[in-house]
Amino acid sequence: MSVTPENNEKVYVCRCEEVTLEEIDEWIDRGYDTVEELKRVLRVGMGPCQGRGCQDILMREIAKKTGKPISEVAPATVRPPVKPIKIGLLAEGGEE
Amino acid sequence: MEWKSTAEVVIVGGGIIGVSTAYYLAKQGVKDIVLVEKGTICGGSTGRCGAGIRAQWGTEMNCRLGIAALDIFEQLDQELGMSVGLNQGGYLLVAYNEKELETLRNGMLLQNSLGIQSRMVTLTEAREICPGLAAEDAVGFFFHGRDGHADPFLTTFAYLEAAKRLGVTCYRNTACTGVIVRDNTVQGIETTNGKISAPIVINCAGAYAQIVARMAGIELPNWAERHEIMITEPVAPGVCPCMLMSFSGNYYIQQRPHGSIICGMSPQGHPEDFENKTTWQFIEAMSKTLVKLLPRTKGIRIARQWSGLYDMTPDAQPVIGETDVKNFYHSTGYSGHGFMLAPVAGKILAQHITGQKPDIDFSMLDYRRFSRGEHIRESNVV
Ligand SMILES: Cc1cc2nc3c(=O)[nH]c(=O)nc-3n(C[C@H](O)[C@H](O)[C@H](O)COP(=O)(O)OP(=O)(O)OC[C@H]3O[C@@H](n4cnc5c(N)ncnc54)[C@H](O)[C@@H]3O)c2cc1C
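Protein chains in written order, with my numbering: chain V, 1 to 96; chain P, 1001 to 1382.
None of these hints come from the bench; they were simulated from the model.
Careful, some of the hints might be misleading.
In silico DSS-like pairs for lysine-lysine, Cα to Cα no more than 25 angstroms straight-line [said to hold, decoys possible]:
{"id": "1", "chain 1": "P", "residue 1": "LYS1164", "chain 2": "P", "residue 2": "LYS1031"}
{"id": "2", "chain 1": "P", "residue 1": "LYS1164", "chain 2": "V", "residue 2": "LYS65"}
{"id": "3", "chain 1": "P", "residue 1": "LYS1277", "chain 2": "V", "residue 2": "LYS86"}
{"id": "4", "chain 1": "P", "residue 1": "LYS1292", "chain 2": "V", "residue 2": "LYS86"}
{"id": "5", "chain 1": "V", "residue 1": "LYS86", "chain 2": "P", "residue 2": "LYS1288"}
{"id": "6", "chain 1": "P", "residue 1": "LYS1004", "chain 2": "V", "residue 2": "LYS83"}
{"id": "7", "chain 1": "P", "residue 1": "LYS1298", "chain 2": "V", "residue 2": "LYS86"}
{"id": "8", "chain 1": "P", "residue 1": "LYS1298", "chain 2": "V", "residue 2": "LYS83"}
Everything numeric in this text was worked out from a predicted model, so none of it was measured.
So here's chain V without its partners, still in its complex pose (with noise of 0.2 angstroms):
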């Protein structure tokens, strides 16, 4: 987690889509308190790193608001492939 210097109050959970430790609060308080929706509301873990950077965080954000033990919230689901892969190699993958 980082504090922005100019603004002390934003804390970035999500650095790759800029998302903020408020903003997750909010959503959580209206009830989005699963990975998965905090996902499709926020975009938080959508980024290139997919949520390496921020998952942990997030889960622990999720636990601590609900009351729920962290083994009780689960992580967002896993979608291939696990690395970014060219179009251009995959295009010339087999034959045409």
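Chain V is already provided as a structure; the job is to place chain P with the ligand on it using the hints.
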């Protein structure tokens, strides 16, 4: 959340159709609406879709619904008090043979007669709309500038939040397990969390609608079809500013305001199952199509692939209305275009249920049309 064992209306399914229907019913003044969703909101087809919006259709009904939906989408941020991410870059339809050109031209004439300002464009114009387009093998192009796409999550959540403000109750992780019918009239539903008595039940269960219908003894000729889709890393805008789509070419491609390119094609063999599986074959075939059409996508990376279900009907048009069981309604069968039709579909069904004259007469979308042999096949679908 406190359990409500009675309601005025119960809606089964928390996709865009169920949520928009709940919103318009509440807006019409229905006080006690409960929506049940077996998983989470947007966990079904809605959260997996391409979210394209268009009025370029081949049947009069779909054209009417399509343009009415566009009219609503253009005002939706204001109406719901939240951005739905609408982006109107137009749809560019590509024809690859004379027969297809003829079908699309007839569609255009029909659209024009209904006030939809679609037009035929040349390859040069097509390249102005979509720079870098390499479609030398195409025989014609059609364009409608008001078409586009919106964010499926934000649209659904905007409807949901507005519906909640109007008093709608939403139970997630609550599956409908039975539809209670007495004297051929619906009485409510059974769920995994208890019973809810209600004089009106609406089935908005998407690809599972046939299963929910059967709980009341109604047979819908719908089936689930798996479709794959993928998205790239975000890149600078301008790679595919419009939705590029071809029915015979079997593709749809668009760039989101965010920079990512989202694209899909119909699967070979059209697998009929409920599995949201992904295949290597799909991203390979899709990549070949991309590189051929938009050569500059070559160096862009694919970030994610997934799949979702089309809720199909024999004529690729939806099923909206009451069933043989009194007060048991359906709003299903949207195949590949339920996201874009949801605003108008929710509105007209809510008008009908609250005894008003719907903006569009949808009586021909009655599910009994199939047994009567009154299919009107939509041609403009991927
Ligand atoms: C790959 C793909 C691309 C698409 N592209 C587009 C596009 O570009 N434009 C467009 O307009 N449309 C598109 N579609 C179609 C669109 O996604 C659907 O038509 C639309 O989302 C249907 O909404 P729905 O609410 O009916 O279904 P869903 O979103 O599937 O919602 C139904 C809900 O009902 C729930 N449910 C099922 N059974 C039960 C039960 N027993 N009890 C409680 N809840 C239950 C499900 O969990 C689900 O959440 C696409 C679809 C796919 C798969």
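**OP:** Mind checking the alpha carbons of P/LYS1298 and V/LYS83 for me, to see if they're no more than 25 angstroms apart?
**Re:** holds (17 angstroms)
Original post:
Taken at face value, is the distance from the CA of P/LYS1031 to the CA of P/LYS1164 at most 25 angstroms?
Top reply: Answer holds: P/LYS1164 to P/LYS1031 is near 11 angstroms, not above 25 angstroms.
Original post:
Given the hinted pair P/LYS1298 and V/LYS86, is their alpha-carbon gap at most 25 angstroms?
Top reply: At roughly 7 angstroms apart (the allowed maximum being 25 angstroms), V/LYS86 and P/LYS1298 satisfy the hint.
Original post:
Does the alpha-carbon distance linking V/LYS86 and P/LYS1288 stay inside the 25 angstroms limit?
Top reply: This hinted pair holds, its Cα atoms lying about 12 angstroms apart.
Subject >> P/LYS1292 paired with V/LYS86 [C-alpha distance capped at 25 angstroms] >> reply: holds (15 angstroms)
Subject >> Given pair status - V/LYS83, P/LYS1004, alpha carbons within 25 angstroms >> reply: violated (46 angstroms)
**OP:** Please work out if P/LYS1164 and V/LYS65 have their alpha carbons no farther apart than 25 angstroms.
**Re:** holds (21 angstroms)
Original post:
Holds or violated: are the alpha carbons of P/LYS1277 and V/LYS86 at most 25 angstroms from each other?
Top reply: Given pair P/LYS1277, V/LYS86 holds - Cα atoms ~21 angstroms apart, limit 25 angstroms.
Of the numbered hints listed earlier, the single one contradicted by the structure is hint 6.
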